[in-house]
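Keeping their order, the protein sequence lines are chains A and B.
Here the numbering used here is used: position 44 in the first sequence is 44, and no number is missing along the way.
Here the numbering used here is used: position 121 in the second sequence is 121, and no number is missing along the way.
The set of hints was computed from the structure by calculation and includes no laboratory data.
One thing to keep in mind: the hints can contain errors.
No copy is singled out in the list; a pair is fine if it fits within one copy or between any two copies.
Mimicking PhoX-like on lysine-lysine, the simulated pairs with C-alpha atoms at most 25 Å apart in a straight line are [as the list claims (entries may be wrong)]:
(1) 32 <-> 55
(2) 58 <-> 11
(3) 11 <-> 108
(4) 169 <-> 58
(5) 44 <-> 58
(6) 44 <-> 32
(7) 163 <-> 55
There are 2 protein chains.
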Amino acid sequence: MTKPAALRFFKFDVSQQVFYQSEYSFCIVNLKPITPHHVLVIPKRHIEFLYQLNKDEKIDFYDTIHTMYRFIRYLTGANGTNLAIQDGIISGQSVPHVHAHIIPRFEKGNLGDGVYKLLKGQHDSSTSAEAGPDAPKERRERSMEEMISETEYLTTQLQKWLKRSDEEKDKQFVDIPDLDESSTEAK
Amino acid sequence: MTKPAALRFFKFDVSQQVFYQSEYSFCIVNLKPITPHHVLVIPKRHIEFLYQLNKDEKIDFYDTIHTMYRFIRYLTGANGTNLAIQDGIISGQSVPHVHAHIIPRFEKGNLGDGVYKLLKGQHDSSTSAEAGPDAPKERRERSMEEMISETEYLTTQLQKWLKRSDEEKDKQFVDIPDLDESSTEAK
């Protein structure tokens with residue numbers, strides 16, 4: 001048997017950060033996560049723009065995003081999630097290879113719209129006075145050891161989660177806030 | 001024939017803003033667009049969270065997002081696009097009904113990460129000193145007349161675009177910047 005090809009995110013070999021792969025996509029842990037278990041979904045083929053996905057890649061990419069969103073939400077007990085694709089440098093894309101961000105969000109130490117500031121292309125370090133899982137003190141580069149440890153954890157947890165029934169897969173979303181209809185508006 | 005059911009976005013009847021509908025989803029023009037032709041893709045069934053999409057709705061929703069992204073990008077000649085889903089109030093969702101933002105981005109008068117500030121739940125009006133299609137002076141509420149006019153324009157243009165060959169559908173993306181590999185980093 002030949003060694004499987006390394007999985008590349010643009011020019012970077014991210015094979016050690018991969019916790020899931022489908023036919024045309026893979027998922028990695030993040031060098032600088034905004035919140036714990038902020039992960040990326042990436043097409044295997046190197047393309048810069050989302051419109052370059054072919055039909056099979058497109059179906060697989062979005063399906064993988066949706067599955068990973070459900071898994072991360074379940075695993076973290078997140079109160080909400082941001083899904084973001086920055087398509088093209090001008091939209092904040094920092095690595096010119098299509099990727100989707102899945103960012104679990106937490107009531108405790110909530111970042112508010114700071115999540116988008118942290119998502120910006122430059123990846124400046126930033127600090128927050130608040131504690132809590134949603135507010136990392138700094139968006140710092142992690143060591144490979146830290147990333148491998150998270151990768152192993154997510155791989156194990158994902159295999160358990162995939163065996164659950166479809167109904168059980170979404171059970172752990174417990175913190176739906178009361179909605180005040182009068183405070184909402186069409187946008 | 002009975003009158004078709006009104007299309008609702010949470011509690012709002014947005015039927016007059018609909019420029020496309022598929023079996024389980026529809027697309028509307030925005031009350032307060034961040035950039036010209038910033039549109040929303042919405043599941044017909046009222047659900048608050050993305051994980052509540054059933055299998056058919058899920059396929060249809062993401063497929064509609066991808067098609068509309070290609071169309072808006074083509075139509076506007078955008079230099080990039082932001083795709084964003086804010087799942088749950090804590091992630092910035094202002095209307096508690098699943099929706100995806102498609103926000104074309106432009107070099108001229110570029111908003112930078114201000115696009116995310118404008119995406120925030122509160123929808124404050126904000127001003128920009130810059131001119132250009134990417135930097136609206138104010139994120140203001142538009143009149144129904146303005147929205148109907150845009151809806152008619154997008155409906156007509158979409159019908160033309162849908163008749164194009166698949167190859168032609170993505171042709172108008174002309175402004176891909178040169179990439180400097182040394183300036184990128186894994187995230």
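Open item on the list: As a check of your reading, is residue 32 near residue 55 (CA-CA no more than 25 Å) within one copy, between copies, both or neither?
Closed with: Intra 31 Å, inter 32 Å, cutoff 25 Å: neither.
Open item on the list: I want to check one pair: residue 58 and residue 11. Are their C-alpha atoms no more than 25 Å apart within a copy, between two copies, both, or neither?
Closed with: So residue 58 and residue 11 pass the 25 Å test inside one copy only (22 Å; across, 32 Å).
Open item on the list: As a check of your reading, is residue 11 near residue 108 (CA-CA no more than 25 Å) within one copy, between copies, both or neither?
Closed with: Cα proximity of residue 11 and residue 108: none, with 36 Å in one copy and 29 Å across.
- [ ] First find the shortest C-alpha distance between residue 44 and residue 32 inside one copy, then the shortest across copies, and answer within, between, both or neither for a cut-off of 25 Å.
- [x] within (21 Å within a copy, 36 Å between copies)
Open item on the list: Cα distance capped at 25 Å. Does residue 44 pair with residue 58 within a copy, between copies, both, or neither?
Closed with: both (11 Å within a copy, 22 Å between copies)
Task: Identical-chain pair category, residue 163 with residue 55, by Cα at 25 Å - done: Result: close only across copies, 18 Å inter versus 28 Å intra.
TODO: Pop the pair residue 169 and residue 58 into one bin, within, between, both or neither, using alpha-carbon distances up to 25 Å.
DONE: Cα proximity of residue 169 and residue 58: in one copy and across copies (24 Å, 16 Å).
In terms of the numbered hints stated before, the structure departs from hints 1, 3, listed from lowest to highest.
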